[in-house]
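Use the sequences and the hints to build the structure in full.
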Amino acid sequence: MINVGVDDDLAVRVRGLRVVRGAREVLHGLDFDVRRGIVTGLLGPSGGGKSTLMRAIVGVQAMVTGTCEVLDLPAGSPPLRRRIGYVTQAPSVYADLTVAENLRYFAAVLGAPRTDVDRVLEQVDLADQRDQMVRELSGGQLSRSSLAVALLNSPELLVLDEPTVGLDPVLRRDLWSLFHRFADAGATLLVSSHVMDEAQRCDRLLLVRDGEIVADETEAELLARTGTPTVEAAFLALADRLESGGAA
Amino acid sequence: MTAALRATTVRVLQQLRHDHRTVALLLVVPSMLMGLLAWMLIDHPGVFDHWGAALLGVFPLIVMFLVTSVATLRERTSGTLERLLAMPISRVDFLLGYGFAFGIAAAIQAIVISVIAFGLLGLDVAGPIWAVLLVAVLVAVLGTALGLFVSAFARTEFQAVQFMPAVIIPQLLLCGLVAPRATLPRPLELVSDVLPLSYAVDAMQRLTVETGVGSHTWLDMAVIAGFIVAALALGAATLRRRTP
Numbered sequence: 001m002i003n004v005g006v007d008d009d010l011a012v013r014v015r016g017l018r019v020v021r022g023a024r025e026v027l028h029g030l031d032f033d034v035r036r037g038i039v040t041g042l043l044g045p046s047g048g049g050k051s052t053l054m055r056a057i058v059g060v061q062a063m064v065t066g067t068c069e070v071l072d073l074p075a076g077s078p079p080l081r082r083r084i085g086y087v088t089q090a091p092s093v094y095a096d097l098t099v100a101e102n103l104r105y106f107a108a109v110l111g112a113p114r115t116d117v118d119r120v121l122e123q124v125d126l127a128d129q130r131d132q133m134v135r136e137l138s139g140g141q142l143s144r145s146s147l148a149v150a151l152l153n154s155p156e157l158l159v160l161d162e163p164t165v166g167l168d169p170v171l172r173r174d175l176w177s178l179f180h181r182f183a184d185a186g187a188t189l190l191v192s193s194h195v196m197d198e199a200q201r202c203d204r205l206l207l208v209r210d211g212e213i214v215a216d217e218t219e220a221e222l223l224a225r226t227g228t229p230t231v232e233a234a235f236l237a238l239a240d241r242l243e244s245g246g247a248a
Numbered sequence: 249m250t251a252a253l254r255a256t257t258v259r260v261l262q263q264l265r266h267d268h269r270t271v272a273l274l275l276v277v278p279s280m281l282m283g284l285l286a287w288m289l290i291d292h293p294g295v296f297d298h299w300g301a302a303l304l305g306v307f308p309l310i311v312m313f314l315v316t317s318v319a320t321l322r323e324r325t326s327g328t329l330e331r332l333l334a335m336p337i338s339r340v341d342f343l344l345g346y347g348f349a350f351g352i353a354a355a356i357q358a359i360v361i362s363v364i365a366f367g368l369l370g371l372d373v374a375g376p377i378w379a380v381l382l383v384a385v386l387v388a389v390l391g392t393a394l395g396l397f398v399s400a401f402a403r404t405e406f407q408a409v410q411f412m413p414a415v416i417i418p419q420l421l422l423c424g425l426v427a428p429r430a431t432l433p434r435p436l437e438l439v440s441d442v443l444p445l446s447y448a449v450d451a452m453q454r455l456t457v458e459t460g461v462g463s464h465t466w467l468d469m470a471v472i473a474g475f476i477v478a479a480l481a482l483g484a485a486t487l488r489r490r491t492p
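One line per chain: the protein sequences are A and B, in this order.
Numbering-wise, the first sequence is residues 1 to 248 according to this note's numbering.
Numbering-wise, the second sequence is residues 249 to 492 according to this note's numbering.
Please note that the accuracy of each hint is not assured.
Stated by the list, open to error - Just a few of them, taken from the derived set where beta-carbon distance is under 8 Å, the chain A residues facing chain B:
| # | residue |
| --- | --- |
| 1 | R21 |
| 2 | R35 |
| 3 | R55 |
| 4 | S77 |
| 5 | T88 |
| 6 | A90 |
| 7 | V93 |
| 8 | L97 |
| 9 | E101 |
| 10 | Y105 |
| 11 | A108 |
| 12 | L110 |
| 13 | R114 |
| 14 | M133 |
| 15 | M196 |
Calculated directly from the structure, the hints in this document are not laboratory data.
Being a predicted model, the structure only gives us computed values, none of them experimental.
Quick reminder that beta carbons are idealized off the backbone N, C-alpha and C, glycines included.
Here's what the structure looks like:
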């Protein structure tokens, strides 16, 4: 049994987290933990606040109140900048550089060992494309090149915003097994997706809807609690309960 | 020089190197314009010397301003800036990386134009050519620093390009090339006193007629350097690690 509540087991501890963007509050006082060494899925529809929540954890979101501790430090602390790997939704690599030039640049900024470039190229299966210009890559190769940057310097926490969106099923399966290999090696992963099917790839789920956490459990627990056969159906059941004024 | 600054300088130069057409345009267009000017003024001895040196200080401002504002805007819209600012790089290193890279590009540009202007077109200045090159590079870095700053106020590349007429053309009109600054109406003369291009053109015109580099010319260069520092500081203030 994992001893919940002992901070050593937690990569992220969030209490009363609120985020205001413009005139609108987009996250309404969230409380949850992300455990170390597992893959946690952040699932929910687009526009529900997943990306904002990830930015708050990475420390690049403004107007955040409440507690957000990451690897035992307040989110956004400068020492965290080399311990977190972050992939934004849009593939954030330089289109007018080769794959290897991109990786060498970000490795230098992170102070990662030079050998990391070859390692991450192998991990995302882009070794053959290393000298290709990023703008010539296919969509799947492009998002893997962006993922490769986040793997530099072997971060303890990987925050991946929709890393598998638009990829073919084989590639998606390969990436999820890669994520689990990192988790087995001790890394913590927080992976968002608006595709509910991806829940079955995650060790634990956080379901986000309209700026609230509506579920924080394993897939099996969620299905048992809602009496539904799929996570999609479970999400709908929870949404209906909330609409009719009940508790999730 | 930190590793992040060196890496950023190399990275920006690599991006430029992959873009052969931009490199060709950077070198060929100003050289052709210089040739056009020499041809226009072929029957007016001495006038080309006056204008040619001044233009050597104007080209880099326009070119580097445009290149930098579009490049930085791309960093902002593609998400690479957000990613970088989540990494251990200081904002100053990011800005100076651009400054150094485009400064090096501008030095190469200025050398090529100078070889053509002084060697082929018979441009003649009284002062040393290295000082002309130094002013050209300073102006280029100024253009880069201004481009970094104003790119924060543009959301699209269309908008970024529109900042060129807004920021650069008033400086061109008031810098003393169209009418000597002392003859401007007093309010405009005061405005021209606080525009950096005035000092660049002033330095170039002094170098055209004075042998050696006088203290006034050094002062002009120091003022341009001051504007560079100020523009970079403003640029750093516009780089936010946190998304609103």
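Hint-by-hint comparison with the structure:
1. The interface hint given for A:R21 holds, since its Cβ lies 7 Å from the closest Cβ of chain B, which is under the 8 Å cut-off.
2. Because the closest C-beta pair between A:R35 and chain B is about 22 Å apart, greater than 8 Å, the hint is violated.
3. Taking 8 Å as the C-beta contact cut-off toward chain B, the hint placing A:R55 at the interface holds, the least distance being around 6 Å.
4. Here the hint on A:S77 is broken, as its CB sits about 11 Å from the closest CB of chain B, past 8 Å.
5. Because the smallest distance between the Cβ of A:T88 and any Cβ of chain B comes to about 5 Å, under 8 Å, the interface hint for this residue holds.
6. The interface hint given for A:A90 is met, as the beta carbon of that residue sits about 5 Å from the closest beta carbon of chain B, less than 8 Å.
7. Residue-level restraint check for A:V93 holds (minimum Cβ-Cβ distance to chain B is 7 Å; threshold 8 Å).
8. At about 6 Å, the closest approach between the beta carbon of A:L97 and any beta carbon in chain B falls short of 8 Å, and the interface hint on this residue holds.
9. Checking A:E101 against chain B by beta carbon gives a least distance of about 5 Å; that is within 8 Å, so the hint holds.
10. The criterion of a C-beta within 8 Å of any C-beta in chain B is met by A:Y105, whose closest approach is roughly 4 Å, and the hint holds.
11. With 8 Å as the threshold, the beta carbon of A:A108 comes within range of chain B, its nearest partner Cβ sitting at about 3 Å, so the hint holds.
12. Here the hint on A:L110 is kept, as its CB sits about 6 Å from the closest CB of chain B, short of 8 Å.
13. Below 8 Å, beta-carbon pairs count as interface contacts, and A:R114 has none with chain B, the closest being about 12 Å; its hint is therefore violated.
14. The interface hint given for A:M133 is met, as the beta carbon of that residue sits about 7 Å from the closest beta carbon of chain B, less than 8 Å.
15. For A:M196, the interface hint is violated, the least distance from its beta-carbon to any beta-carbon of chain B being 26 Å, above 8 Å.
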